[in-house]
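Read top to bottom, the protein sequences are chains A and B.
If you're matching positions, the first sequence starts at 2 in my numbering and goes up one per residue.
If you're matching positions, the second sequence starts at 115 in my numbering and goes up one per residue.
Derived by calculation from the structure, the hints in this document are not laboratory data.
Just so you know, even glycine gets a beta-carbon here, dropped at the ideal spot from N, CA and C.
One or more of the hints may lead you astray.
What the hints assert, rightly or not - Covered stretches of chain A, going by a simulated chain B footprint (3 or more residues, C-beta under 8 Å):
#, region
1, 10 to 17
2, 20 to 26
3, 29 to 39
4, 42 to 50
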Amino acid sequence: MIFSYYLPLLFWIYLWKALLIGALALFGGMAVWVTIGGYFDIKRLFKRISESHKAATVGRATKLSKLGGTP
Amino acid sequence: METAAEALSQTNFSAIDWVIVICYPMISVVIGLIVRKYIVNMHDFVCAGHSLGLCLGIATMTGTELGLITVMYSAQKGFVGGFAAFHIALAAGVVTFIVGATGFLVYRLRAMKVMTIPEFYDRRFGRKTRILGGIMMAFGGILNMGLFLKVGSMFLVGITGLSAQSWALPAVMIFLLSLVLIYTCLGGMISVVIADYLQFVVLSFGLLLTTFLAIRSLGWTHIFSTIQAEMGREGFDPTVAGGEFGIEYIVWMGFLGLVSCGIWPTAVARALAAESPQTVKKQYMWVSVSFLIRFLIPYFLGLCAFVFIMTRDPQLQGLFFPTAEGVEPFDNLYAMPIFLGRILPVGIIGIISAGMIAAFMSTHDSYLLCWSSVLTQDVIAPLLGDRLSAKARILLTRVLIVVIGLYVLYWGLLYKGEDDIWDYMAVTGAIYFTGAFALLLGGLYWKRASSTGAFLALLAGSSAVFGLGPVQDLVGIKISSARVGLFSIAVTIVAMVAGSLLVPDKRRKPSESPQTT
Chain A
2 MIFSYYLPLL FWIYLWKALL IGALALFGGM AVWVTIGGYF DIKRLFKRIS
52 ESHKAATVGR ATKLSKLGGT P
Chain B
115 METAAEALSQ TNFSAIDWVI VICYPMISVV IGLIVRKYIV NMHDFVCAGH
165 SLGLCLGIAT MTGTELGLIT VMYSAQKGFV GGFAAFHIAL AAGVVTFIVG
215 ATGFLVYRLR AMKVMTIPEF YDRRFGRKTR ILGGIMMAFG GILNMGLFLK
265 VGSMFLVGIT GLSAQSWALP AVMIFLLSLV LIYTCLGGMI SVVIADYLQF
315 VVLSFGLLLT TFLAIRSLGW THIFSTIQAE MGREGFDPTV AGGEFGIEYI
365 VWMGFLGLVS CGIWPTAVAR ALAAESPQTV KKQYMWVSVS FLIRFLIPYF
415 LGLCAFVFIM TRDPQLQGLF FPTAEGVEPF DNLYAMPIFL GRILPVGIIG
465 IISAGMIAAF MSTHDSYLLC WSSVLTQDVI APLLGDRLSA KARILLTRVL
515 IVVIGLYVLY WGLLYKGEDD IWDYMAVTGA IYFTGAFALL LGGLYWKRAS
565 STGAFLALLA GSSAVFGLGP VQDLVGIKIS SARVGLFSIA VTIVAMVAGS
615 LLVPDKRRKP SESPQTT
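Just chain B, same shape as in the assembly (with noise of 0.2 Å):
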C-alpha cells in the first residue's frame, strides 16, 4: 500500500513553482513597507480613513473571507458531504444579499460611524459591557482562529510534496507566521487591503480555472454519476436525517450565513471603513456571489478530490478509507492539496499556491489586525481610562498581533479535537457571536435593551464552548455543533429579553440612540 509520505510527495510541484511561491509573499511585505508612510493615527491604522470605495470594498471583504482556511475546512466538508454540502453556500449567498438588501444590521452600525462592535456597545449600553464584549470578542476570535495557521500549512506541506510526518509541518507554519507578523504589524488597515485586493486578483482567476482543470480532468457527467453511486441520496440531498447534515444543521448554517456577513467583527470592520452607509449596502449584496462561491468552489474541489480517490488512485482510496481494522485513515484534509497536486500543470500549480498563500496572508492579517485592535481599543484602553496617546495604542495593538501569533503556533501543535474544521470554527466563533448577535438587534432595534441585558446575553454567549469535542470529553455528553450553537442563541435572546425588562436602564441621553435607516 502507498503509505502517507509517498502519496504526499506524488505531485506536479516543481522548481519554477518554488520561485513563484517564494517571490509572492515578499510582493505583499513590500506593500506593508511602502504603505507605512500613509499611518498617522489609529484611524487609519484600523479604518483605513473610512476611505474604501465600492470596487475597494468587495475585493477586500472577499480577500479576508475566502482565506486558505475556508478552502481547506470547505473541501473538507465537500469530502465527507458532496454536493449536499452547497446547501451551506446557497444560505451564505442568500443571507448576504439579504443582509445588503435590507442594511440589516450593517447600515445602522456604519450610520453610527463606530470603529468596531465594542465600541457600539459603549454608546449603546455603556463602558462595561463595552469591556465584557471586547473579552468575549477578542476570546471567541482567537480561539477561532487557532487552526488556522496548521491547517493553512497543511496545505503547502500537501500540495508541495512535502512529508507531513516531519519537520516540514512546523517549518512552515513558523515561516508564514513570520512573513504575515512582518507585514500586519507594518501597515495596518491600508496594507492589509491592498493585500486583500491582490490577493482577490489572483485567487478569483486562479480559482476558476482551477475548477475548469478539475472538470476537464474528471469530466462533468463522472462527477455526478460517482457522488451518487458512492453517496447516494446523501451526497445531493442536505435535509437527509441521520445523513451528514439535517434540517437542525440547515437552520445552524442559515444562522452562521447572517453572523459571517451581519456580526462577524472582521467583515464588518470592511462595512465600517466602507465611504457610506449606502456603500454598505450595495457592497454587501455584491458581496454575496462572493461569500457564496468561496465555499462553493472549495466544496466542489472537495467533492472532487473524492472522486479522484475514489476513481482513479486505488491506492490513495486505500489510505483516505482503510478496510482493515484497526488501521486509521488519512486526515482527509489532506484530501483536496493532492488531487490539486495531481491535476494541476507545471507553473499554474505555483500560481494557485501563491495564490492560496496570498489567501492565507490575507485572513490572517485581517483576524490578527481585528482582535489586537479589539484588545487595545476595546478592552486595554477604556480599562486604562482613555489615557493612552495615539502612538501607544498602534505600539499596544503591535505587540498583541506578535503575541496572538505565537499563540496561533502553539495552538496549532497542541490542539488535538477531532471535529471537523468548519464546526470547530463555528463552535468557537459562537462564543462571541450568539451574545452579539442579541446585543445588536436589541440595541439597533429595539429601544428598551438596557445594559444588564446585554451584560447577561454576553456571558451567556460562553455557552456555546459545550459545543467543542474536547469539552463535551470531559463533562461526559454528546450534542451535535449545530444544537448546541441553537441553544445559545436561544439562550442570549432570552437573556437580553429577560435582563432588559426585569432591570431597564434609567435614562438615556438622545445623542446615544442609534440613527435609523
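So that you can see chain A by itself, here it is in the shape it has in the complex (with noise of 0.2 Å):
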C-alpha cells in the first residue's frame, strides 16, 4: 500500500505515543472540568423541571377559573 512504502515505522510509533500522551492530558482536564459544572447544570436542570411544571399547573387553574371550573 503506498503509505507504507513513503511512511516510516518510526513516524507511526510517534504519532500513537503522542495521540496518547496528548489525549490522556486533555482528557483528565476535561473531566474536572465537567465533573464540576455537571453537577451545578443537574441542579439548574430540576430547577427548570420544576419551574415549567409550577407553571403549567398555575397556567390551568387559571384557564379552569376563567371557565367559572376549580382547578
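Build the complex: two chains, separate frames, hints provided.
Listed below in C-alpha cells is the structure:
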C-alpha cells in the first residue's frame, strides 16, 4: 500500500505515542471541568423542570377559573 | 497447562471489592426512585425537558457512548490489532470535532425541535417514512445491542474470577439486566442523565488511573518493543494491505465516526435534548475528546493485555495462542479483564469494576429507552392515529423496555457468530444508519429529496445485513464487513437520488422545510 512505502515505521510509533499522551492529558483536564460543571447543571436542570411544571399548573388553574371551574 | 477456569480464578478481586461492586448499582436504582416525581409527560421522559446544560450534556453523551461494551470490543481490537487500532479512535475524535465545528446534521436537527430522528422523517418526508424509518431503526438498533449483555457480563465474570464455563455468566446476565430494567423503567431520561453523570465521574478517573497502573506494571518502552517484536509493522501501521485493517477499513471507520456522533440515535438524542442549537455545537466539539478516549484507552488496555500474556505469563499464552493442533484458542474477549484482575490492587479493582457496571448500566438504559421510545412514538402511536394519551405512551414505552431487555438476554445466550464484536456492531448498526445517513443528508440539505427516494433508501439500508458472518455462511459468500458497509452506503445514496429524481414530491408546505444554520 502506498502509505506503507512513504511513511516509516517510526512515524507511526511517534504518532501513536503523541496521540496517547496528548489525549490522556486533555481528557484528564476535561474530566475535572465536566465533573464540577455537571454538578451545577444538574441543579439547574431540576430547577427548570420544577418551574415549568409549576407554570403549567398555574396556567391550567387560571384557565379553569376563567371558565368557572375549579383547578 | 493452566486451564480456562484456573486462569480466570487468579485475580486480586477481594471481599472489599465485592461490597463496592454490589453497593454501587443500588445507588443508581435509588436515583431512579428519587427523580421519578419529575416525570410528568413524554417530553420529560424522553428529552429531559430540553434542559441539558453543556457540562451535563458532555457527561451524559460520554456516559452513554463509553459503555462496558465499548471497552470490551475496543480492548479486543487492541488485543488483535495493536497500536494500529488507534486509527479508529483518531477517526472518531476528528470527525466528531468537525461535526461540532460545522454543526453538520445535528445543528439543523436540534433547530427543528424534533424529539427523535423518525419525527424528522415525518416532518420532512411524511408519515409512512416515519413508520418505516422507526421500524428500521429499532430493528438495526435492537439487533445491535443483542450482545451487550453477554459481553458486559463476560467482563465481570473475568475480572471477579468467576468461572466462565458454569452458572456464572447467565446468572450475572440476569442480575444486571434486572437492575437496568427496574431503573430505566422508573426514571426515563432524567434518571438516565444523572446516572450518566455519575458514571462519567467514576469511569473517567478510573480509566485514567487504570492506564497509569498498566503502564507502571508493564513499562512504557516494553509495551512498544513487545508489540513491535510480536506484530511487526502491522502492529502500528493500519494501512498495511493484508493486515488486520487496510485502507478500505480506515474509510469505513471514518464513516462510522460520523455515524456514531451525528446519526446514531442515542448520541443524537443528547443533541436533541440540549438547551439550544448553539449548545449542541459546543457540546460536540468538547465531546470529541471523549469520543477519542473512549476507544483509545480500551485499545491501549487490550494491547497491554497482549503484552502481559506474551511476556509475563506463558501459561496464559498457551491458552490464548495454543500451538497444538485441534486446540481452540480461549475467547480473547477475556484477555483484558484477566489482565486487569492481575494488575489492579484491592479496592481499586472494585472501584473500576463498579465504574464498568455503571458504564454497562448507562449504555443499557439509554439504548433501551431510545429503542422503546422510537417504537412507541414513531411506529405504534402513528399506526394508531396518534390517539394514545401521554400516560399510555409512557406505559407502553416501559413495557417495550422490558420486552427488549428479555430479547437481549435471549440473543446473548443464542448468537454464535465469530465476527469481532466491533465488526458485528458496525454491520448490525449499518442496517439502520446507512439509510438514515441518506435521509438526513437529503432531507436537511437537498430540497429535491422526495419521500419515494427516502423510502427506497431506508429499504436499501437492509443490504448491510449481508455483512454478518452467519448470513454470509447462509448465502455462501465471503466479503469483508467493511466492504459490505461501504457498498450499502453507496446503494442507499443512489436509491435516494434516483427515487427523488424519478418520483419527486408534488408539493411541500413552507412550514415543513428545515431551518438553516
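Q | Hints breached by this structure | A | none
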